[in-house]
Amino acid sequence: MTKQKLVVVGNGMAGARAVEEILARGGAEQFDITMFGDEPYGNYNRILLSNVLNGSQNEEEIFLNPLSWYRENNIKLHAGVRVERIVRTSRHVVGNGVVEPYDKAIIATGSRSYLPPVRGLHRSDGSLKPGVFVFRSLDDCRAIAGYAEGRARAVVIGGGLLGLEAARGLQNFGLRVEVVHRGSHLMGQQLDGVAGSILKNTMHAMDVAVHLRKNTEAVLGEDHVTGISFSDGTALDCDMVVIATGISPNVEVAVRSGLTVERAIVADDHMRSPDDPNIFVVGECAQHRGMSYGLVAPLWEQAKVLADHITGANTANAYRGSKVSTKLKVMGVELASMGVTEPEDERDEIIQFTEPKKGVYKKLIVRDGRLIGAILLGDISKAAYLTQAFDRNTPLPEDRLALLFDLGTPSKRVTMDEMPLDTQVCNCNGVSKGALMACVKSGRRTTKAVMDATRAGLGCGSCKGLVEEVIQWAAGGHLEEDPSVHYYVPGVPLNKTDLIRACREQNLKSVSSVFKALAGGKEDAGSKPGLASLLSIIWAGEYEEERDARFINERVHANIQRDGTFSVIPQMAGGVTSPAQLRRIADVAEKYHVPLVKLTGGQRIDLVGVKKDDLPKMWQDLGMPSGHAYGKSYRTCKSCIGTDYCRYGVGDSIALAVRIETYLKGIDSPHKLKMATAGCPRNCSEAMVKDFGAVAVEGGRWELYIGGAAGAHVRKGDILCTVDSPDAVMTYLSRFVQYYRENAKYLERTYSFVERVGLEKIRAIVVDDSEGIAAQLEANLLSSTTAYKDPWKAALTSQVPNEFSSLLRVIQ
Amino acid sequence: MSGNGTERFVTTLGEIPAGEGRTFEIDGKRVAIFHTRAGEVFAIDAMCPHRGGPMADGLVGDATVLCPLHAWKFDLRTGNAITGLCSINAYPTRLDDKNHILLKI
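Just so you know, the protein sequences line up as chains A and B, in that order. At position 472 of the first sequence (counting the first as 1) the number is 472 in our numbering, and the numbers step up by one without a gap. At position 28 of the second sequence (counting the first as 1) the number is 1028 in our numbering, and the numbers step up by one without a gap.
Simulated from the structure, these hints should not be mistaken for laboratory data. Do not rely on the hints blindly, as some may be mistaken.
Mimicking EDC-like on lysine to aspartate or glutamate, the simulated pairs with C-alpha atoms at most 20 Å apart in a straight line are [claimed, not checked]:
hint	chain 1	residue 1	chain 2	residue 2
1	A	Lys516	B	Glu1040
2	B	Lys1073	A	Asp524
3	A	Lys5	A	Glu72
4	A	Lys516	A	Asp498
Here are the in silico distance ranges between beta carbons for each label pair [as the list claims (entries may be wrong)]:
hint	chain 1	residue 1	chain 2	residue 2	range
5	B	Glu1040	A	Arg547	16 to 22 Å
6	A	Lys761	B	Lys1104	57 to 63 Å
7	A	Ala586	B	Ala1081	43 to 49 Å
8	B	Ser1087	A	Ala402	44 to 50 Å
9	A	Tyr645	B	Ala1081	53 to 59 Å
10	A	Ser783	B	Ala1081	53 to 59 Å
All residues carry an ideal CB built from backbone N, CA and C; glycine is no exception.
Here chain B stands alone, though its shape is the one from the complex (with noise of 0.2 Å):
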């Protein structure tokens, strides 16, 4: 998990509907972040680090996601690969109390 940053405000979860991902530019860094039918919110890189794939537009699966170009498979929590041969990087994301996405970057 990368992100030791301070922790920042992205966007409000309504922005993302659920189950899907969207991607954001950050201070000029691009960052898929991810709303998960659980309620839950993740960020990764938005780029997959095979070939690129956008990974915003990956399939969803508890915390999983799979990239939409080769179908490489990470672990949105940690960015571990789950198929696939190298790892991405993650965020430290939460939702607070009024559902905003705050972010550590």
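Bound-form chain A, shown alone (with noise of 0.2 Å):
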């Protein structure tokens, strides 16, 4: 195949970035790349520019691609070339004397300064007044860096990011620095007024002057900047002026070649010009549902769509815009910023905290429960949390106090650069800060690629936020997303929702026919156990059970233990037991050598360290049914002694306890289900920590709790609703849990799933019947329970060939 001609205007950020993309899917099998770039370099950093000003970094520290970069990649890169314009008939790019035809074209000219109309900027001759800059390329640095020795005074019209950054920078050479603005407070775009003013202090504070709602009038000066003038009739003295009101997209290229532009340069979502097929925009010239970007982030995205579509290799990705959010540090302060600034509609609620003496502030805009816009000045501990949950849009929990601050954590955590190497950071499978950093560093480039060679966060699992954190930062945003990580399984491309409508449209109902049907006959091992759950879930009854899909606890119904025996837990519904129970359990212990009596946490008796072979036999010997303690299932529900015995006691704990055990008992579930019913608000049988509890209150009423642990994670759970009879309690639990096993993610506990969906949906689904399904989702759970067997009694008339034999000899 004869490779196409690729050919990018603009050698920018936006447009390198373009080209890593495209390289990343392959595109040099593709095409022949050329690139023209204004600049005669390769491309740097824009961003740090600031730092290069102010002495932090040098030249050479701020370059992305140096022009090795385009000779390993055999990039034709036309340096210092400014292109004129696309002639689309002949496809052909042509610029200063040079024409290159393409196949494809890509339009990242990103933008340039904006200078506001002020008399006096100019000399005759068309060039700016010595003295007059603006501050966007390496070249304009090196030339404010240059007429800035031996001077005295600035001044840096703009009070927005880039001014600001531009301020600390000219401050370095000795300078006296002061920055008019057109607005009311600085950083308008980012901060409110609050914010604005404790900024405009600290910047006082740095002998950085700051005069707000100024109009600049005129540069004065003959040959040279002297100073400047405003429409109030006041004027400044000062040697140098730089420019940084805001930038203008470049569009002339697209202009000239019959694009249509209006703010900036047109895209559609795939960064197409909606004008010519062949012709793509991206970056800061690029004009996408009306907007236009002058930050990274989005510029990554779209370099992301653009390369999938112009590659092929994935056209059904499309861009629909960015969520902006910044964190930066400006004059030595650190700053987050994202969304709104301000409340925009009544029903917004703002959360607010001001220190200004610190000089710290924190606003929160919250619509329906959701983060809307955040500022966050001085102290931005916060700021990862907030921005992942302004980003995906997630309910914010209840608390919102912990939005704003650490509460209650005993130590402050260390951020990512100050954990030491040896760290531990998965405590069950030991993986350290230092073997993570090394797995990323050997190529793994997601995250369950790098968990999965590391075994981080494939224990209980509680590390995991933290795992992610590591790889994350060791990758230095680099880190690609593993598309498995929607799906229900790992070994089905599918997420939840689609595969159980796909089971349920084609009649699946064992997991053997899932692999066979929606897994092209792939048969992955780790995935069998939650198709079994789910198939079980919306099949109930009908669900063709297959012994090999199952866990090794859920094949022979008991717990594995270290040493390959097994664990015998009996039921005991509300941990309610008998003399008689007692003696036979006792029996059963001392005749098959149980080394090992022990009380769970869930209020039953466990003979553990039980030989494979001799499970049947002690079933029968108990004569109990399972209690269920080994399975991702409901397990148990403790409570307390209730009603009859207890002096508090207001509501009978105990017989609801065991009405609950009787009715869900070994269903399958997304993960674990543990209950606890308490008598009264003492809450002995600590059900406020369950996935779901009932603790009685005064007047024959419960409240109901869910989403609660005490677990490898501690969660109190939250109020669902209050309820005034046992009766409700089993309508609002039945309600709750079927939903959750119909919507949690396998291996999801209901701490999870609660704060992923929201308490408020949860509430409004099971309590309010917001959406019409809590019939049916009873009736679902009818059909579980109705099906449920006792699969102890189950097991003795077994036809599984040697089941539950740990040893075979061979056939002599």
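Please dock the two separately framed chains into a single complex, following the hints provided.
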């Protein structure tokens, strides 16, 4: 196949990134690539120019793609050649005496500094007056540095991000720096008035005077700058002026080439010009759905979509606009900002904290329980969490205070940079920060690949968040997302909703039939138990059980121990037993030489260290049903003494626990379900830290808690509602359990599920029946519970060959 | 792949349900033998090299097995580790026309 010719107009961050993304999709096989750059350099990180100006980095350090990168990737670079136009009829790019034919072209011309209409900016020949500068390129940076030497006073016009950074840089040359700004407060795009004035005070403390509401009218001085004057009649003396009043996109090439240009060059959801399928647009020069962006994150997203389409790697991908958030350091002040800066609607809720003396300000704008804007100044410790909540539009916790501060945490968490290499990140599998870094360095590019290779986060799972943070930090933003994170199980490429639909439509009732129909016949061992659980939930009695799809615990109805023996835990609903039962348990323990008899955390008796071969005989001798202490299923419901004997009890917690256990025993669910009932608010059975808890309160009522946990993760449950009868407890319990069974990801405990879906939504569905599915949820759960059979009893008549044999002899 | 010895008859296919494994003792050596849903048979050491987990109790998918204790994953054909840090011994195994499982060890 002959290669197509790809010409990229613009060699800045957007153009070079687009090319990198294209190369990452095997684009070198498809295209001969030519790039035009206005500047005579490779591609550098424009964001870091302020560091070059203030001396904290040198020029070499900010290069992203040095000239050698172009050679290594066989990219022809016309550095220092400005493109005039794209001749679309003959498909040529023309610039400065160079003509390049193309099959596909990318416009990434970026933007330039916007020059406000101020008198005296230019000399008669049209060039900027000596002493007037913009701050946009490496050359600008050099010119400013060269002129600043030996001067005394500088004024920066523009109090936005770039202006403040320029001011900071200029201070380093020993100049007295002042900032003049048209608006009523600094950084109008990112801050509100309060934050702006705190920042202004901080700047004054650093000897940068700020003049607000100043409309610059003229630059003074005949052949070089001597000062500036304002529309209010006042003036400032100065030796140099740096203009940082915003940017305007470079659209001239597009205009001359006959492409649609509004505020910037119009691009569709594939980053393609609507006028010409062979021309793509990316970066600051692009206008997508009416928006153009001046930050890098949107540009990265655009470059990916563009690359997916131009190479054909994923033609389903679409750019839908970016949610803009920034985190930066201005004049040494840490700042994070996202979304809107002021409420826009009367239902918007504002959460605010101000400590002006320390320069700390935090403001959140919340709509319908979700973050739509935030400003953090001076203390950005919550920025990572809030940015994530903003980007993903996830529901916020009820406790709004926790959004602003880390309350009650024992020590401030160290930042990733500070964390020592030998810190154990995963405590189950003993994986250190250093081991994760080495793995990322070895070329693994997705969180899942690193976790699989190191086994970090694959034990109890409670460190997963931290593991992901370390991996992300180690990859420095070059992490790729493994598509399987969205699948219900890694081996079938569908999310839970689509998977359920496919199983129902195609009548798939067994795990092997799902692999055949939906995974191309490829069987993935680790995906089997999740599929078995799901099929059992959606098909109830019609589910076709296949033993090999179940984890060993659910095959032999006992919990495997470290030495390959098992534990036997009979049902003991509500933690209530009897002398006769205890005697029988004691006899069985002696007869089978059970090495350890232990009370469990779930108010039952555990016979530990049992050989697989003895399991059925023990069950028969016990004559008790299984306690299901081994599966991803309903486990147990603890209770306190309740009303019969306790002098405080106000509700019959034992009877309720027995009723719950009798109803839910053994049903499959995405993960364990542990419950408790408490007879009074003293809560002796710890019902507030269970997946579901019912706490009796005076007046015959029960408070229902969901999403609690006190294991690898500790979380106090959220109150779902308060009801006035055990029947009502059962109703809401049924709806919640079934909603969780049908909607949670596999191995997602209720504590994550409730946070992910949001308490408000769950309450609306379960209590108010907002989606009209409550009756269906109850009916679905009922068909699961009706299909229940005690597995211990069933196993006694099982026909599976050698089901409980731990060792077989060779047939002689 | 280990096992240069003579081939010997271990058991019949029907003794191991499809998709599962069972542990056998052969001349004092314990071996986990698997019968996959595709109808193939494989043999590896009975104990996981990591913490001694009983491999025959593991989940099988195509020609791979997961140790039931900490989910180390091995290729049943070669014994090579897919995730986890070291491999496990695998033994040449085949099925004859009478559905007898034959093993070289």
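How the hints compare with the structure:
Of the supplied pair hints, the one linking Lys516(A) and Glu1040(B) holds, its CA atoms being roughly 17 Å apart against a limit of 20 Å. Our distance criterion of 20 Å between C-alpha atoms is met by Lys1073(B) and Asp524(A), whose separation comes to about 11 Å. In summary, the hint linking Lys5(A) to Glu72(A) is supported, as the alpha carbons are separated by about 18 Å, within the 20 Å threshold. With a C-alpha separation of about 16 Å, the suggested pairing of Lys516(A) with Asp498(A) holds against the 20 Å cut-off.
A C-beta distance of roughly 18 Å is found between Glu1040(B) and Arg547(A), which places it inside the suggested range of 16 to 22 Å. Distance hint for Lys761(A) and Lys1104(B): a CB-CB separation of about 60 Å, consistent with the stated range 57 to 63 Å. Taking the beta carbon of each, Ala586(A) and Ala1081(B) are about 45 Å apart, inside 43 to 49 Å as hinted. Between Ser1087(B) and Ala402(A) the Cβ separation comes to about 47 Å, which falls inside the hinted range of 44 to 50 Å.
Our hint of 53 to 59 Å for Tyr645(A) and Ala1081(B) holds, since their Cβ atoms are close to 57 Å apart. Hint check: Ser783(A) to Ala1081(B), Cβ distance near 43 Å, so the stated range 53 to 59 Å is violated.
Checked against the numbered hints given earlier, this structure breaks only hint 10.
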